[in-house]
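Taken in sequence, the protein lines are chains A and B. If you read the first sequence in this note's numbering, its first letter stands for residue 178, the second for the next number, and so on. If you read the second sequence in this note's numbering, its first letter stands for residue 65, the second for the next number, and so on.
Treat the hints with care, as some may be off.
[Said to hold, decoys possible] Below, in silico cross-link-like pairs of lysine-lysine (DSS-like), each with a Cα-Cα straight-line distance of 30 Å or less:
| no. | chain 1 | residue 1 | chain 2 | residue 2 |
| --- | --- | --- | --- | --- |
| 1 | A | Lys328 | B | Lys92 |
| 2 | A | Lys328 | B | Lys81 |
| 3 | B | Lys757 | B | Lys834 |
| 4 | A | Lys292 | A | Lys328 |
| 5 | B | Lys667 | A | Lys259 |
| 6 | B | Lys650 | A | Lys328 |
| 7 | A | Lys328 | B | Lys730 |
| 8 | B | Lys730 | A | Lys330 |
| 9 | B | Lys412 | B | Lys367 |
| 10 | A | Lys187 | B | Lys92 |
| 11 | B | Lys92 | A | Lys259 |
Just so you know, the hints here were simulated from the structure itself, not pulled from any lab data.
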Amino acid sequence: MKITINVNGKQQRFDVEPNTLLLNLIRDEMSLTGTKYGCGIGECGACTVLLDGDAVLACMMLAVDADGHRVDTVEGLSDGNKLHPIQQAYLDEGAVQCGFCTPGFIMSTKALLDKNPNPNEAEIREYLNGNICRCTGYVNIVKAVQCAAVKMKE
Amino acid sequence: MTRKSDYVTVGKDTQRKDGVAKVTGSEKFASDLSLPGMLHMRLLKSSFPHAKVLKVHTREAEKLGAYTLTPEEVPDIKYCPRLVSTPEATYKDWRILAKKPLYVGEPIAAVAADTEEEAQLAVEALKVDYEQLPAYFDAEESRKPGATQLHDAIELKGTIINPERNIACTLDLQEGDTDAAWKECDEVVERTYRTNRRYHLQLETKSVLVKPEIDGGISVWSTTQSIHNTRLLLHEIFGLPMGKIRVYKTPLGSSFGSSIQVNTIVPIAVAMALKTRKPVKLTMTREEDIRDHVSYNMIFKVKLGAKKDGTLVVGHLDAVLDLGSHQIQAYALLGCMAGWWVSLYRLKAKSYKSVAVYTNKTPSCAFRGYGNPQVSWMVETIMDELAEKIGIDPLDFRLKNYIGEGEIFWGQGPTVKSVIRSSGVEEILKRGAKIVDWYNRPRAGNQTGRYRKGLGMGRGFHTSSAGAPVPGTVVDFSGAIIKLNEDGTVDYITALMDHGGGTLEAHAKIIAEELCLPLDNVNVISADTSTTVYDVCTHASRGIYSGGGAALKVAKQVKEKLRTFAARMLDAEASALSFRVDNDRKQGVIYAEGIKGREVTFKEIAYNARHKNWGTIAAVDSYRQPACPPHFTGYFIEVTVDTWTGKVKLDSVVAGADIGTVINPKLAAGQVHGGLAQGWSMAVMEDMSYDAKTGDLINNGNLTDYKIPYPRDMPDLEDFEVFFVETVEPTGPFGAKGIGEGALNPVAGTVANAIQNALDIRFYELPLSKERILRAIMEKEGQ
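Just need the whole structure built from these sequences, with the hints factored in.
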């Protein structure tokens with residue numbers, strides 16, 4: 178099946194099977210391996226990408242359902258050599274340890290802050306509650322989201 | 065020694081060098097790698113917990129165009145996947161593909177095809193004839209007389225051993241006159257404790273990519289905590305010359321001990337690559353990974369005695385270890401458990417009996433703390449109970465009996481001991497107690513009503529490395545290469561893996577501090593087994609202490625060479641020269657103090673050395689730490705128990721840690737945050753239960769049915785305080801010790817003590833699940 182997806186701002190055409198997962202299309206065909214496989218059943222959030230600005234789980238979605246839509250992955254976030262304020266905030270706050278969950282968290286953070294530029298702590302935790310991190314206990318991740326909210330207003 | 069405040073780089077928060085790759089998605093974990101012409105592999109795994117494989121039918125799979133690999137096609141040798149211990153402590157009972165699988169999920173055969181989908185169809189086309197055999201899911205059942213023996217023969221240093229009654233190994237120890245000591249006790253507490261089995265749930269499932277090389281060798285990228293041990297094992301199994309096996313450092317999507325051993329899939333993938341002569345990749349699904357590794361299950365029968373005045377006297381521990389179906393490091397763990405048991409508190413006499421038993425479950429391996437979280441849970445809760453019995457405050461009881469500076473520290477058991485040279489125990493306890501107003505906490509049993517609050521405390525520690533004054537049965541040394549580049553920067557090349565805690569960032573800071581270089585001038589180079597010297601493994605909280613120790617040793621050698629070259633250039637006395645960082649010029653500078661113009665940058669030295677043919681300034685060496693200093697932790701945790709549902713809420717946490725000099729402040733605090741989350745999860749959430757009929761996991765391998773904390777389950781930022789006390793470890797690089805495991809070890813005990821404070825009920829089995837708590841409340845208080 179022929180589909181067209183705007184990937185990180187660029188229109189791209191793909192020929193996919195009806196059962197191809199968006200996650201596999203992103204990782205195997207687009208070679209954008211920042212989007213991770215963690216569980217395959219929508220529990221861990223490591224595969225979070227944005228679909229027209231909304232956070233979605235790429236392991237729970239068929240590639241054909243992204244036809245005609247825009248998909249943003251972590252690779253599209255930085256502007257050339259300059260990190261996006263969310264990416265910078267994750268580094269500044271020590272929110273990155275092994276880094277495997279980080280792309281998913283960053284994309285969830287982007288979706289949150291685009292909708293709610295001033296989230297309180299409870300709102301941050303609520304929004305990120307679909308993402309698992311086994312390293313950080315979420316402390317520095319929550320701080321990073323707060324820090325990113327400030328940076329994005331600058 | 066230089067005061068901490070004088071350090072230029074050590075102790076400062078900096079942006080981690082691998083950070084940009086990690087936040088932009090460009091970091092390549094093993095599962096992200098691919099090669100042209102690569103085949104995808106899938107595994108056929110045992111459907112039964114104990115069976116004999118009579119035949120694997122491959123014809124249908126081959127008709128689909130897939131390659132197959134059966135038990136007959138792999139080297140018929142027994143191996144142990146973990147190479148941290150010496151041969152006399154390494155029990156070999158694994159086979160690359162099992163002829164007699166011992167757990168549901170044990171690999172029996174493999175296929176490889178052009179796509180993952182084709183490989184999956186091919187693996188589904190394989191058929192196996194099995195003969196089912198009796199299986200055991202409980203260590204007590206498994207070691208009963210008359211039980212079917214799971215392993216016929218295992219190997220220990222070339223000798224065949226027959227593990228009768230499914231006893232894998234044993235270790236007994238005794239120190240002091242215990243008979244006399246028990247008579248001195250006024251109060252004795254005797255209890256039996258049972259731990260849960262926890263899955264690491266590292267976010268990246270295990271993965272491997274193998275490329276057969278034209279010279280007959282192989283290149284390997286795999287999820288591992290030790291590239292050199294991976295190479296050693298592949299050499300041992302396949303007999304390839306070591307120069308033809310290159311194992312590349314590949315970032316870890318966390319591990320927590322689950323890749324200390326060479327992963328089960330690695331030799332299988334190598335065998336397939338050697339057969340097909342094509343690159344092959346094998347990434348476990350989550351459902352496979354969850355059946356691949358788990359923490360050890362333990363039963364403790366423990367007895368602890370003290371005098372009326374609160375002096376601990378004597379203890380006995382009888383430990384049963386359910387290791388699952390294969391040994392990874394059970395024998396070493398029996399020794400460590402003895403160490404964990406006697407290292408927190410002074411016992412003038414102690415006895416220890418331990419046994420590790422085979423069952424038909426997933427093979428157990430180290431999980432952050434290597435048994436210490438389990439043992440410390442028992443120690444810290446029985447300490448509370450004994451304090452209560454004596455009538456002394458549990459915190460005062462600990463202050464009276466803790467093992468501190470100048471005392472012998474058992475560390476990792478009988479062969480890894482050293483004298484404690486730095487201890488912040490008292491400060492952790494006193495400062496924490498003040499913050500939480502410890503002495504005014506609720507009295508156990510005083511509360512009624514639906515919601516009840518409890519405050520508990522617990523201590524913990526872990527060895528920083530497995531170093532010791534004498535060799536013992538554990539290998540622990542590191543190596544480093546440092547060379548000066550022509551622009552005045554240095555390349556640092558190490559085999560040591562960073563789990564993500566910032567270990568290599570700390571090494572870079574140690575090197576920068578020693579050489580007086582801007583941190584940006586230390587390049588951390590990713591390398592492989594052929595271009596690094598040996599490092600045993602990143603485990604045992606040894607990354608900064610041992611690996612950083614090696615980096616410091618080699619930096620000092622480079623520094624002396626720099627000094628010699630500078631002296632020639634400056635026409636100065638080498639020993640009189642000083643070093644400083646010049647941040648404006650972004651260079652390290654060597655100068656003769658007080659004499660104008662007599663200075664030279666590292667760049668100038670390297671430039672000059674090249675043009676005058678003096679050569680490259682470089683050094684390579686290994687380093688063995690002479691000690692295994694404990695890093696100490698203490699937690700104070702407040703919970704609310706809902707007596708209607710049994711649910712426990714984590715209200716607030718105060719955590720103190722003595723890790724010597726803090727090298728990466730934010731990342732070190734991050735270790736404590738993560739330790740708390742894992743410990744909380746261990747205390748109240750996690751367990752891997754088996755279906756006694758099928759031998760499979762009750763959660764069926766689904767993460768949906770294996771819960772760990774999400775962001776909402778953790779306390780608010782203002783309710784989680786972490787502090788570090790000021791100590792300096794004389795044997796550590798710039799005074800540093802480890803933190804990774806001590807951050808987790810006390811948590812479950814602290815949570816149990818907090819719940820006891822809320823409910824006046826003690827629990828002896830983990831996890832403290834809603835069901836277990838509710839049942840206990842109903843038993844105590846009625847409906």
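These are the hints, each one checked on the structure:
no. : hint                   : in the structure
1   : Lys328/A with Lys92/B  : 28 Å, holds
2   : Lys328/A with Lys81/B  : 21 Å, holds
3   : Lys757/B with Lys834/B : 26 Å, holds
4   : Lys292/A with Lys328/A : 16 Å, holds
5   : Lys667/B with Lys259/A : 28 Å, holds
6   : Lys650/B with Lys328/A : 28 Å, holds
7   : Lys328/A with Lys730/B : 19 Å, holds
8   : Lys730/B with Lys330/A : 24 Å, holds
9   : Lys412/B with Lys367/B : 14 Å, holds
10  : Lys187/A with Lys92/B  : 23 Å, holds
11  : Lys92/B with Lys259/A  : 20 Å, holds
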